[in-house]
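> This is what each chain is made of:
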Amino acid sequence: MDEEDSVGANKCPVCGSDPRTHPGLRFKINTKCYHRICEGCVDRHFSSGKAECPVGGCHVSLWKREWRTQTFEDLKIEREVEIRRRVTKILDRREEEFETKRDYDDFLELREELVMNLVFRTDVAATNRKLKEYAQANGIKTDPTDGPEPGAKAPRRKDMAPDAADQSGLIKGLKRIVIPEAKAPYDPFMGMPRTREYYEVKESYITRVRGKPAEAMLAGGYDFAQYMDESLLRAFAGLGVFIEDEMSARDNTAIPVPGPT
Amino acid sequence: MIEDDVYRASSQYRYWSYTKESLARIRQNTNDLASERVRAAFHRAHTAHPAHSSNSHNAVSAGDADADAMEIDVDVDVETLTVDEELKIVEWGCSKIMEMGEAMNPRIPSHIVATAIQYLRRFYLTNSPMTYHPKQIMTCALYLATKADHFYISLAKFVAELANLSEDDVKAPEFLLLQGLRFTLDVRHPMKGLAGGHIEMNVMADEGRLGDISKATGSAKRIGTAADHAKRLLATAAQMTDAYFLYTPSQIWLAAMMVADRELVQIYLHNKLSELSSNEATTSLQQKLMSTISACASLLESYRSPKDDASQRKEIKRIGKKLTVCQNPEKMDIVAVARAKAAEKRGGKDSDVGKALKKRKLERDMMDKDGDVFGPDLRNVPGSGED
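Chains as they are written, first to last, in numbering that gives the first Met the number 0: chain R, 0 to 260; chain F, 0 to 386.
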């Protein structure tokens, strides 16, 4: 590769600007057709919205935001990295999620195969379909610019078990999803009911207490209803507890004797 | 019933409720153990100091070996208190607590005095008066009750109200007492229940739900007198008997009401329970409840205050004398006992002073070995250029 060729390859294919004549010229690429044009051309063609790629013979329609600066010098590598990034974002599984090491290895192979299919453009449509199905089944958004599709519900395949981790059936050997048991809301009374059976604090009781309050009850914030409730609870708590019967059932004499040592 | 489960959750039910038989068994057991220990203690005291007799009732003047040997035999036969005598002594302690509560300024409310009394009674289930005399424990029980039941008096003030008492005397047995109480300070009293029941009876009478007893027949006065009588009973008879161990507070206050006015309680309970639900379970519950409450009522009625009974006073005096003889000599000084216990807990057999001395010695040894922590004196350093 001589000097002339590399410089010629460095020209903008649209306006023909050359970095030698235009110092500070910057190029941009897109990840759909991987054509490389200068920043000025991007501004000119795409400032009014979606447009076709200006390179001759290319009819890919693009937005301005899809043009970005190149990371790698070799566009092939740029493309492969881009594909890898997209595929790994969709097929994102860790080793712990698989039943066995073998399953994980199979998964890695599958991913590599899909990547290479896309890189070498073999079976592109089938590969893309697989990825899309998988993404939909697992609720992964492929394009961050796309909003959630209206009514988009992960399609359920009839032959898949409902607790299978991958509903699309692309990845095999994943562990089953175990839905954790829902915890009951915390009950500070530990299941003890808060109703009363022996009594009910009626308004007539409260007015009676209010009639002749003790000194302490005159303090601000004193709750007569609460006082009545407490008194009645004390009056009836244990009314039906017959210690003679209940204690002979459980031997209460076996108490630790803390006597003098 | 839900309320019953509330009571079943209390420590009073879980730890301090007994049948008559188990109560007697525990007391007998405590008495046996304590008697054994008292004998062992006397024996030890005697073998440690053969020259002077710690047992004064057995007058031995000479210190010769034969007499000693004989005395040991006698000592082992120290006459210890019986269970009934112990109980009498504890009751004497309870009445003293009551007197203390009344003598205090400000006067200690009766429910706090009652708590203190229950502490004392619970303590003497597993401890014998022969080991710790009630007069050592009772002040502490009262002071602990004021703390536990939100009637805090500062210790200095508490001590100032009582004659011949130092702060240490009150403080020393505190942990011992707590241990004897198994660290359960909650006492469920029937007094508050009586207040609630009084109001409910009044309301039921006003609404004509108590049969013959209604507003027209002077229900308020009748219920009021009964409640007053019951309140007095709860403050005295319920405290001086085993009612708290044998019955639940709600049964106790109903029993106290029953002593005051039997018919009233019968009508009240009948109407109350039939209002709740009228099936066979309720009728059987009612019968059982009536018999239980009657039993409790007769227990409360059977109590006679020693104040109006000269023979009881005499009996107490006799037991008191007997107790001075068979008191465990090793536990006489409660302050020293408590201090020894605390020291033991802190560091094995070493006392604090011994430990501190040991530590200082160790430090000195280290100093001798290593020299100063900042190194040797400067003039010893060669070539420091001082000359």
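The set of hints was computed from the structure by calculation and includes no laboratory data. These numbers come from a predicted model, not from an experiment. Hints should not be assumed to be uniformly reliable.
What the hints assert, rightly or not - When the alpha-carbon atoms are kept at most 27 Å apart in a straight line, the in silico DSS-like pairs for lysine-lysine are as follows: (1) F:Lys271 x R:Lys211; (2) R:Lys31 x R:Lys63; (3) F:Lys368 x R:Lys211; (4) F:Lys230 x R:Lys201; (5) F:Lys170 x R:Lys201; (6) R:Lys75 x R:Lys100; (7) R:Lys201 x F:Lys214; (8) R:Lys211 x F:Lys230; (9) R:Lys201 x F:Lys156; (10) F:Lys95 x F:Lys156; (11) R:Lys211 x F:Lys220; (12) F:Lys191 x R:Lys201; (13) F:Lys358 x R:Lys211.
> Now tell me, hint by hint, if it's right for this structure.
Hints, verified against the model:
1. F:Lys271 x R:Lys211: holds, 25 Å
2. R:Lys31 x R:Lys63: With a Cα-Cα distance of about 12 Å, the restraint between R:Lys31 and R:Lys63 holds, given a limit of 27 Å.
3. F:Lys368 x R:Lys211: violated, 81 Å
4. F:Lys230 x R:Lys201: holds, 24 Å
5. F:Lys170 x R:Lys201: With Cα atoms ~46 Å apart, F:Lys170 and R:Lys201 exceed 27 Å; violated.
6. R:Lys75 x R:Lys100: Given pair R:Lys75, R:Lys100 is violated - Cα atoms ~32 Å apart, limit 27 Å.
7. R:Lys201 x F:Lys214: holds, 19 Å
8. R:Lys211 x F:Lys230: Holds. R:Lys211 to F:Lys230 sits at ~18 Å (cutoff 27 Å).
9. R:Lys201 x F:Lys156: Distance of about 43 Å is beyond 27 Å: violated.
10. F:Lys95 x F:Lys156: holds, 19 Å
11. R:Lys211 x F:Lys220: It holds: about 15 Å lies between the C-alpha atoms, which stays within 27 Å.
12. F:Lys191 x R:Lys201: With Cα atoms ~18 Å apart, F:Lys191 and R:Lys201 stay inside 27 Å; holds.
13. F:Lys358 x R:Lys211: violated, 66 Å
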